[in-house]
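In the working numbering, the protein residues as written are 1 to 259.
One or more of the hints may lead you astray.
[Unchecked claim] Listed next, with one range per pair, are the computed distances between beta-carbon atoms:
#1 98 to 49: 48 to 56 Å
#2 234 to 152: 17 to 25 Å
#3 121 to 52: 31 to 39 Å
#4 82 to 49: 42 to 50 Å
#5 175 to 22: 18 to 26 Å
#6 218 to 60: 55 to 63 Å
#7 22 to 190: 47 to 55 Å
#8 5 to 252: 27 to 35 Å
#9 71 to 170: 18 to 26 Å
#10 18 to 225: 40 to 48 Å
Worth flagging that the hints you see were computed from the coordinates, not collected in a lab. Think of the CB as a built atom: it goes at the ideal place given N, C-alpha and C, for glycine as much as any other residue.
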Amino acid sequence: CLELSFLELCDILETTYNLKKTRNVSIYEKVSLFLYMLSQPGSVRNCEERFQHSGETISRHFHSVLEAVCMFAKDIIKPVDPSFRDAPNEILKDAKYYPYFRDCIGSIYGTHIQVCVPSHLQGVYIGQKGYTTNNVMAICDINMCFTFVSAGWKGSAYDTKILMEALRKSALHFPHPPQGKYYLVDSSYPTFMGFLRLYNKTRYHLPQFRIGPRIKERVEDFNYYHSSFQSTIERAFGLCKVRWKILGNMSPFALKTQN
Numbered sequence: 001c002l003e004l005s006f007l008e009l010c011d012i013l014e015t016t017y018n019l020k021k022t023r024n025v026s027i028y029e030k031v032s033l034f035l036y037m038l039s040q041p042g043s044v045r046n047c048e049e050r051f052q053h054s055g056e057t058i059s060r061h062f063h064s065v066l067e068a069v070c071m072f073a074k075d076i077i078k079p080v081d082p083s084f085r086d087a088p089n090e091i092l093k094d095a096k097y098y099p100y101f102r103d104c105i106g107s108i109y110g111t112h113i114q115v116c117v118p119s120h121l122q123g124v125y126i127g128q129k130g131y132t133t134n135n136v137m138a139i140c141d142i143n144m145c146f147t148f149v150s151a152g153w154k155g156s157a158y159d160t161k162i163l164m165e166a167l168r169k170s171a172l173h174f175p176h177p178p179q180g181k182y183y184l185v186d187s188s189y190p191t192f193m194g195f196l197r198l199y200n201k202t203r204y205h206l207p208q209f210r211i212g213p214r215i216k217e218r219v220e221d222f223n224y225y226h227s228s229f230q231s232t233i234e235r236a237f238g239l240c241k242v243r244w245k246i247l248g249n250m251s252p253f254a255l256k257t258q259n
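Let the sequences and hints guide you as you build the complete structure.
Next up, the structure:
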């Protein structure tokens, strides 16, 4: 139930992450205006009309909830089992993935999120999309749950660099694959121990298999199931962008806030 989930979120942010009510704005209203800002492709002005508060009040409470949510995210965006000892039931019970992907612990994928930057900084934020973006790398498990996110990279940053920095910096708490386990990665990442890429120079994307001839080679067979598994994280990102419209129409917050 959405109402119960909302009430539980408010309680967690208040009791665990020190979100405070004010004399005129309750915890529930604070979180409501925060979620409204994320879910509507609008501005602070739209929120002013909806909640009948000044722009300064809206901005102040938005940022206070954002700070609490960021602390909450650090605690919940992680693997359910950091040891990755057991294969998920979703793999064990699916003939497409078992036994071939029984040791796969998730998919790594990069996506671009629109960002508003001053004109003198726009060059380094323009990447493959042709407009200013942040390059976000994430890991998602078979259940479409994010287990790691690295955000705030300029749109021109290479995916490989983002991954290598995540592996190098212990403070980021990257969930390294144990021996014998691995992540699936697409062609923008290298293949090395613990990271399994598709075969090059053959079909990979699912639409290519739907409109092309039947699979004839083992490498195509592997790429097909690799792509099917990878589509889990693509769907997860897609749902986020549909639900949280701000990801496609970013408000002109400070860069630190957008990151």
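Tested hints:
no.: 1; hint: 98 to 49: 48 to 56 Å; verdict: 53 Å, holds
no.: 2; hint: 234 to 152: 17 to 25 Å; verdict: 21 Å, holds
no.: 3; hint: 121 to 52: 31 to 39 Å; verdict: 35 Å, holds
no.: 4; hint: 82 to 49: 42 to 50 Å; verdict: 45 Å, holds
no.: 5; hint: 175 to 22: 18 to 26 Å; verdict: 38 Å, violated
no.: 6; hint: 218 to 60: 55 to 63 Å; verdict: 59 Å, holds
no.: 7; hint: 22 to 190: 47 to 55 Å; verdict: 50 Å, holds
no.: 8; hint: 5 to 252: 27 to 35 Å; verdict: 30 Å, holds
no.: 9; hint: 71 to 170: 18 to 26 Å; verdict: 20 Å, holds
no.: 10; hint: 18 to 225: 40 to 48 Å; verdict: 46 Å, holds
Hint compliance for this structure: hint 5 alone is broken.
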